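Chemist: Heads up: the protein sequence lines correspond to chains A and B, in order. Residues in the first sequence are numbered from 1 upward in steps of one, following my numbering. Residues in the second sequence are numbered from 1 upward in steps of one, following my numbering.
For the record, the hints were derived by calculation from the structure and aren't laboratory data. Mixed in with the good hints there might be a few duds.
[Stated by the list, open to error] Beta-carbon label-pair distances, calculated as ranges:
no. : chain 1 : residue 1 : chain 2 : residue 2 : range
1   : A       : 88        : B       : 338       : 24 to 34 Å
2   : B       : 358       : A       : 684       : 46 to 56 Å
3   : B       : 81        : A       : 777       : 19 to 29 Å
[Unchecked claim] When the alpha-carbon atoms are kept at most 25 Å apart in a straight line, the in silico DMTMM-like pairs for lysine to aspartate or glutamate are as follows:
no. : chain 1 : residue 1 : chain 2 : residue 2
4   : A       : 697       : A       : 231
5   : B       : 94        : B       : 181
6   : A       : 94        : B       : 648
7   : A       : 685       : A       : 78
8   : B       : 76        : A       : 707
9   : B       : 123       : B       : 430
10  : A       : 76        : B       : 181
11  : B       : 672       : B       : 727
12  : B       : 666       : B       : 695
13  : A       : 76        : B       : 637
14  : B       : 94        : B       : 690
15  : B       : 76        : A       : 590
16  : B       : 697       : B       : 338
17  : A       : 76        : B       : 586
18  : A       : 94        : B       : 73
19  : A       : 94        : B       : 637
20  : A       : 76        : B       : 690
21  : B       : 94        : A       : 586
22  : B       : 94        : A       : 566
23  : B       : 313       : A       : 338
24  : B       : 667       : B       : 648
25  : B       : 94        : A       : 231
26  : A       : 313       : B       : 338
27  : A       : 697       : A       : 707
28  : B       : 76        : A       : 78
The structure presented is a predicted model; accordingly, all values stated were derived computationally and were not measured. Using N, Cα and C, we set each Cβ at its ideal position, and we do this for glycine too.
Protein chains: 2
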Amino acid sequence: MGDESNCSMNMEEEVQGVEERDPESNTNTNNTPNPLHEPLLKRNRTLSSNPLALVGAKVSYIESLDYEINENDLFKQDWRTRSRAQVLQYIFLKWSLAFLVGLLTGVIATLINLAIENIAGYKLLAVVQYIHKERYMAGFLYFTGVNFLLTFVAAILCVCFAPTAAGPGIPEIKAYLNGVDTPNMYGATTLFVKIIGSIGAVAAGLDLGKEGPLVHIGSCIASLLGQGGPDNYRIKWRWLRYFNNDRDRRDLITCGASSGVCAAFRAPVGGVLFALEEVATWWRSALLWRTFFSTAVVVVILRAFIELCHEGKCGLFGEGGLIMFDVSNVSVSYHVMDIIPVALIGVIGGVLGSLYNHVLHKVLRLYNLINQKGKIYKLLLSLSVALFTSACQYGLPFLAKCSPCDPSLPKSICPTNGRSGNYKQFNCPDGHYNDLATLLLTTNDDAVRNIFSSNTPNEFQPSSILIFFALYCILGLVTFGIAVPSGLFLPIILMGSGYGRLLAMLMGPHTNIDHGLFAVLGAASLMAGSMRMTVSLCVIFLELTNNLLLLPITMFVLLIAKTVGDSFNPSIYEIILHLKGLPFMDSNPEPWMRNLTVGELVDVKPAVVTLRGVEKVCNIVEALRNTTHNGFPVVDDGVVPPTRLVTEARELHGMILRAHLIQVLKKRWFLKEARRREEWEVREKFTWVELAEREGKIEEVAITRDEMEMYVDLHPLTNTTPFTVLESMSVAKAMVLFRQVGLRHLLVVPKYQASGVSPVIGILTRQDLLAHNILSVFPHLAKSKKRN
Amino acid sequence: MGDESNCSMNMEEEVQGVEERDPESNTNTNNTPNPLHEPLLKRNRTLSSNPLALVGAKVSYIESLDYEINENDLFKQDWRTRSRAQVLQYIFLKWSLAFLVGLLTGVIATLINLAIENIAGYKLLAVVQYIHKERYMAGFLYFTGVNFLLTFVAAILCVCFAPTAAGPGIPEIKAYLNGVDTPNMYGATTLFVKIIGSIGAVAAGLDLGKEGPLVHIGSCIASLLGQGGPDNYRIKWRWLRYFNNDRDRRDLITCGASSGVCAAFRAPVGGVLFALEEVATWWRSALLWRTFFSTAVVVVILRAFIELCHEGKCGLFGEGGLIMFDVSNVSVSYHVMDIIPVALIGVIGGVLGSLYNHVLHKVLRLYNLINQKGKIYKLLLSLSVALFTSACQYGLPFLAKCSPCDPSLPKSICPTNGRSGNYKQFNCPDGHYNDLATLLLTTNDDAVRNIFSSNTPNEFQPSSILIFFALYCILGLVTFGIAVPSGLFLPIILMGSGYGRLLAMLMGPHTNIDHGLFAVLGAASLMAGSMRMTVSLCVIFLELTNNLLLLPITMFVLLIAKTVGDSFNPSIYEIILHLKGLPFMDSNPEPWMRNLTVGELVDVKPAVVTLRGVEKVCNIVEALRNTTHNGFPVVDDGVVPPTRLVTEARELHGMILRAHLIQVLKKRWFLKEARRREEWEVREKFTWVELAEREGKIEEVAITRDEMEMYVDLHPLTNTTPFTVLESMSVAKAMVLFRQVGLRHLLVVPKYQASGVSPVIGILTRQDLLAHNILSVFPHLAKSKKRN
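Turn these sequences into a full structure, and let the hints steer you where they fit.
Modeler: Here it is, written out as structure tokens:
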């Protein structure tokens, strides 16, 4: 504290110090900031070195979230004075928000369904009319035109207003819950574009689902509710202030994601499990319960709407309705011998699923190259896919032969020209139906329902199913990466059900299992082979098919398919995460991480920038200007420990966040002389709510030359309880700690105790602990990895 | 290392040092062990100060489990040299064990069911014969005698051979997965007694279920498989050596617990969720999948047995069979207005559930006092409860009026004298049935099935249901604590279903919901009110009732009942955990823990006992003899850090476990002079497998006077990567770290850096972080707790 030297002089020394620095010996950490500071080890390397960011995810600075509780004086003060009433208020609000998330997600999901069913329904009815009048060309033009228009609306919104709304959004949510904040992901614009875009894209008959987007919509709603509205029109309720932190927002977004899955599949338990198995990184029993509450609300809302729309009050909605493949009337009479065909479904499904992941990866890389050329290319790509899809859906049924209706079926069922139905007449004479039109010239939901239908082994011709399967393989690969909101569930279900039926036909007399059940199992196996979920998929299928006796057989297929898939490549979500360059932290450390200590890791990083407890303003400004660090250790020199038998020591007081330093500078909370502040001085100037804000850049703060020479007491704003590891800690264990406790910064302290040693020798962040980044610095570890 | 002073001299100095020690200033940690060392702060206080240990759980030393990976040189060596084949072997074995756990649990569960159904069935048939011949007294004597005998067998086994087999075992499993090892919990004797005892107790018609015991049985099987058999007859396969650690055993026991629930309810997803929500403390996605695999195997086994027994090949099994309350034929026609009666079920269920918890707590305390008087008292208590139960079950039906059979029912159904059935004739004339006998004079499973039966609003008289409800309230309270294996699920379901039917009758015309459905919802509400599970209960009920449309209504009831219950007292499992004095670590720290630092906590503890890297044998022996610590920090004096700018420092090298020190002494791995060992010297003497053993006591090791003066190099066996916190860390955050990462010891390091400071100032264990123990030392915190 006695160091009154000029800042700029310090700087010069520092420059020298850095340039001379031996990478192996940067323990001479100065308390003055390091002006030539590079970003932390390979910080953003993943992002900047990886040009393959997907559509919608612009290459931009991705921040870590503060899931750790910042225990500074102000927080402790606020914590102590929180009354019982305020705690109850907080709990009440938490539950109300969970209720609102469920309510709004349910309502919006119903409205989306309503819009899609009506738009697509009237479109299809009109097309049927044209065909009935044998005006095939006009029908084609009408069908293609409407689809083109719908796709155009969806794509132009995505491209121009909210690029983050493209795709399913599930990987980004997964990353968010892991601690990575993708910018512009949960805004009001994104929500709006996602809703409209999803309606447009699904109604246009593209090979994509509304399931992924619904998960994103649920999360957006949750995030917006938690922060009190869109950025510019926030409600600044006193109540809501408790939610202005990353921890509570994480919980809310988990609720939102579960509600979204629940709304998509009407599967409340499946929704909770999906969030648990696939999306969330941290989980508490209390959260399980709240998530469950949200999904319960969604189910009640959906049920209420279905009752409301039951009597045709909602246009064409309610006829097709929410997807619910009720196969509960299938006679599930499988025996021990059926285990062989079922195992076969699983094995082939696993292979196909991982193959799909592999090829989709290549396609997405190609699409990224196209999309990066500009907005117009993005738009053109989407529209070409839409044209191709429409042409195939309309044109291919003409290839199929007309089949005569089963005489036992009533005439109202076969053939039909209505909105939905299993036996579409299309271009066939009366009393005949076109099986391919039943599958193609309909909404995706209806297609799934038709192909899942039970007791209809002879309904579809093998050639039709083959065409269906081949078409949806191609469409599933080319559609996903275009700039519209798109889910992965439905394309994979479509592909899988085609594969299942095909397999059933190939098996022929060797099995007694119903063809519809084969389709269900095929879909399940492909989902497991591509997405690698087990429990949640199983429950979703259980809730979809409404047949508990299918459970053991579904479990069996899922387990086999996942095992087979895992032996080839990672799950599709992991592939997308990697493609987007999101620094996702895996749950299991790599084996070679046990052979590396965090000490070795911080040694290859630039020296850590520390601040003194009572620091000169100029030093703070320099630290902020010259580094991109978000946290700085606060070290006190020459203190006398109260009860220790030493006369002088250096103390690691804690960690201070960049955001808080900027607040200090903005508020000009300076001191003429170097002294400690009293507690009331802090409370007078700062509130707990202000400190939760992260906005503000150092460039926006102007400090005069006089102010530069003043002092700031950082103690009251310092988090005095940062998590630390010894330098001898292995990277594997440090990573487990980092992930399990949900950290943003991890301080490395020396294992030596001596008078000359700095009490902190480095900071590790998420980027430093990523396997990919470590390997780029320690390439020999990759070899040992391979050797094993 | 230059300190060659005599050990006994050191001791004397130490004695003085300790007595003069100011509790606020114990930083002068000596490297020599502290002979007058008390156990760590209040260690075992919970256990020894709490006389209320439940039946079966003897008051004994409870150890923490080592879930942390002990990264010493030997482990690292083993890790590096593990070949790819070995890794695959390990993975394969992991899955095989999960398979075997499911298989054996399924088979044993079926055998238990088979035995119970046959014993109870033939007993009941004989009683019916006596009654038919109007030999009421003989029937009573027969019924009571058989029940007495069965209970005697169950109780004598429990009392004499395996006291830990009494009760459900779920709280102990919950504690195990939290890191607390209850002794004799997973042995072969316990397993055997649990199986036979469970058959006896359930067949005796006591008001208890086989569900809890099945969970314990599954866990026992898993534990025995993991360690290769019972303690005395272990298979010492090379393969199995990888599983000789607490981490893998934890995973296996989780699989076992899920399999048990699955076998009990035939609810695979419910089993997984039960383990996840109620039992497990840590959870990984990979474990979710393996658990799911185990439960899938169980379901297949159960299904195979049911097919096998379908044609009466298994005696009376198959008629009653596994419990499966199929209410899928109930017309679930509830509307928005039905929300009021349903909410009422939830509210009253929540109140009743928490009331049950409260009274059961009192009863268990009373029982503990009785049971502590000796084995004979335990036995007498069990037998009196059995006599009371039999007398009530046989006598009370005589109070009920006979009801005429519904003429629309076929004569084979009403009245019946068979094994099961909804309309028992009992003492009634032909064409009449006794509704109370239908509920009481039957197995518990059948009673539940009868009371859940749908479309039978007039089957039961209100007086009968009232008697049923009152009786099972009393039985549910008095039966649970006796010395036989007993589950809590079924008693609560019985009570709840009675309450539900009663409420339905009281509502009368105000609701259209079926009375059977009311019974189901009543059971669910009481379960939620007492056990406080939501998602898993919901799924179990879903799988039990085989009716998906019940889901929203069940969720609603569960949420309300849990909320109401939580506002009164903790869940029944938490109450039992507390009664047993198991040091369970809650997921949420208490609010006042933020105001206490770990530094303050270690200050009130005796000074930490550290060892030097190369230590004299006598010092090690003394440290082991005079303390009960299970871990000792290893500190090196006067080392020169390789790249630091200081000349001499003290280094915190790591932590060594008591078990490893004893191994060193047993193997006499001594050095004549103080020097460091080479790596090959360690590998020559120790294997990784040996170090996983925890057996051995210091008293068993005899060291000669000459050996006492020799040295040991502790470096190779020291875990060099212990988790540490700074002394300024708050207890709340330390607790989160301790629980999340699964620690046994947490080292506290100084925040000061100076030459005189010891690099470690304390160790925290599970006991030190328990709220109850901290409050006994810092009573003022309890006040601040209340003030809030």
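Chemist: Give a verdict on every hint.
Modeler: For each hint, the structure was consulted:
1. A:88 <-> B:338: 24 to 34 Å: Taking Cβ atoms as reference, residue 88 (chain A) and residue 338 (chain B) lie about 30 Å apart, which means the hint holds.
2. B:358 <-> A:684: 46 to 56 Å: holds, 48 Å
3. B:81 <-> A:777: 19 to 29 Å: holds, 25 Å
4. A:697 <-> A:231: holds, 17 Å
5. B:94 <-> B:181: Holds, at about 22 Å.
6. A:94 <-> B:648: It is violated: about 55 Å lies between the C-alpha atoms, which goes past 25 Å.
7. A:685 <-> A:78: holds, 14 Å
8. B:76 <-> A:707: violated, 54 Å
9. B:123 <-> B:430: Distance ~22 Å between residue 123 (chain B) and residue 430 (chain B) Cα, so the pair holds.
10. A:76 <-> B:181: violated, 36 Å
11. B:672 <-> B:727: The hint is violated at about 38 Å.
12. B:666 <-> B:695: holds, 12 Å
13. A:76 <-> B:637: Distance of about 38 Å is beyond 25 Å: violated.
14. B:94 <-> B:690: holds, 21 Å
15. B:76 <-> A:590: holds, 14 Å
16. B:697 <-> B:338: violated, 65 Å
17. A:76 <-> B:586: holds, 22 Å
18. A:94 <-> B:73: Violated, at roughly 48 Å.
19. A:94 <-> B:637: Violated, at roughly 53 Å.
20. A:76 <-> B:690: Violated: residue 76 (chain A) and residue 690 (chain B) sit about 47 Å apart, past 25 Å.
21. B:94 <-> A:586: holds, 21 Å
22. B:94 <-> A:566: Holds. Residue 94 (chain B) to residue 566 (chain A) sits at ~16 Å (cutoff 25 Å).
23. B:313 <-> A:338: holds, 24 Å
24. B:667 <-> B:648: violated, 34 Å
25. B:94 <-> A:231: violated, 50 Å
26. A:313 <-> B:338: holds, 24 Å
27. A:697 <-> A:707: holds, 18 Å
28. B:76 <-> A:78: This hinted pair is violated, its Cα atoms lying about 46 Å apart.
The earlier numbered hints that this structure contradicts are 6, 8, 10, 11, 13, 16, 18, 19, 20, 24, 25 and 28.
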